[in-house]
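If you read the sequences in order, they're chains Y and E. Counting along the first sequence from 1, when you hit position 41 you're at 41 in the UniProt record's numbering, and nothing is skipped either side. Counting along the second sequence from 1, when you hit position 23 you're at 23 in the UniProt record's numbering, and nothing is skipped either side.
Be careful, since some hints might not be right.
Same chains, same label: a pair holds when it works inside one copy or across any pair of copies.
[Said to hold, decoys possible] Pairs of lysine-lysine residues, derived as BS3-like cross-links and limited to a Cα-Cα distance of at most 27 Å, are as follows:
no. : residue 1 : residue 2
1   : Lys-52    : Lys-94
2   : Lys-46    : Lys-30
3   : Lys-65    : Lys-95
4   : Lys-68    : Lys-94
5   : Lys-65    : Lys-87
6   : Lys-59    : Lys-95
7   : Lys-13    : Lys-94
8   : Lys-94    : Lys-35
9   : Lys-34    : Lys-95
It is worth saying that the hints were derived from the structure and are not from the lab.
2 protein chains.
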Amino acid sequence: MTELENCMESLIKIFHRYADEDGDATTLTKKELKKLMEAELPTFLKTQKNPKAVDSILKDLDQNKDDKLDFEEFLPLVVGLSMACEKCYMLHNKKTGKK
Amino acid sequence: MTELENCMESLIKIFHRYADEDGDATTLTKKELKKLMEAELPTFLKTQKNPKAVDSILKDLDQNKDDKLDFEEFLPLVVGLSMACEKCYMLHNKKTGKK
Chain Y
1 MTELENCMES
11 LIKIFHRYAD
21 EDGDATTLTK
31 KELKKLMEAE
41 LPTFLKTQKN
51 PKAVDSILKD
61 LDQNKDDKLD
71 FEEFLPLVVG
81 LSMACEKCYM
91 LHNKKTGKK
Chain E
1 MTELENCMES
11 LIKIFHRYAD
21 EDGDATTLTK
31 KELKKLMEAE
41 LPTFLKTQKN
51 PKAVDSILKD
61 LDQNKDDKLD
71 FEEFLPLVVG
81 LSMACEKCYM
91 LHNKKTGKK
């Protein structure tokens, strides 16, 4: 597999590692999202001052208001964080003189 | 770094591996997108019957119609493919009797 294919497989595997914990393997409950974020996004979570950060992230991402996230609802979290990281990457390269 | 952090770093690195080839490191030209897809998504590209698949993908993703993709415009390609792959993953698990 290529690096990008591996990356897409990782996204699916990470989602299901937590979503599969309860009976419903298609969605992340709040508890499962919290476990996923604590394990996979600890650095990001530390920057969140709001102690209810996971609650408000779930609320933002939960399109159909069922208090759970399916894979499609989960992906914008990865997209949003990747975009923020890419902006830092570009700024860093600008500062260090890379094109 | 965690698996998800590695994955987001990969997305940024893959994008810039190709976007940085010409003078403008912030965007993928059609030529750069074609190289990226040939190297990183060969299996997907083989399933496309349209010989101008890359052209039509670029057109679909190019929100601001500048004939180039910035990182934000590129990400929906990864999201769309990941969602398609996840549907296959769920079907496969259903067939093989996993929850």
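Hints and how they fare:
1. Taking the shortest alpha-carbon separations for Lys-52 and Lys-94, neither the intra-copy value of 35 Å nor the inter-copy value of 35 Å comes in at or below 27 Å.
2. For the identical chains of this complex, Lys-46 and Lys-30 are intra-copy neighbours only, at 18 Å inside a copy versus 39 Å across copies, given an alpha-carbon limit of 27 Å.
3. Proximity of Lys-65 to Lys-95 under the C-alpha cut-off of 27 Å is found in neither arrangement, the shortest distances being 42 Å within a copy and 29 Å between copies.
4. Taking the shortest alpha-carbon separations for Lys-68 and Lys-94, only the inter-copy value of 21 Å comes in at or below 27 Å, while the best intra-copy value is 40 Å.
5. When the C-alpha separation of Lys-65 and Lys-87 is checked against a cutoff of 27 Å, the pair qualifies only between copies, where the shortest distance is 21 Å, while the shortest distance within a copy is 30 Å.
6. Proximity of Lys-59 and Lys-95 under a CA criterion of 27 Å is satisfied in neither setting, with 36 Å inside one chain copy and 33 Å between copies.
7. In this assembly of identical chains, the alpha carbons of Lys-13 and Lys-94 lie at most 27 Å apart only when taken from different copies (16 Å versus 34 Å within one copy).
8. Taking the shortest alpha-carbon separations for Lys-94 and Lys-35, only the inter-copy value of 25 Å comes in at or below 27 Å, while the best intra-copy value is 36 Å.
9. Proximity of Lys-34 to Lys-95 under the C-alpha cut-off of 27 Å is found in neither arrangement, the shortest distances being 35 Å within a copy and 30 Å between copies.
Of the numbered hints stated above, those contradicted by the structure are hints 1, 3, 6 and 9, listed in ascending order.
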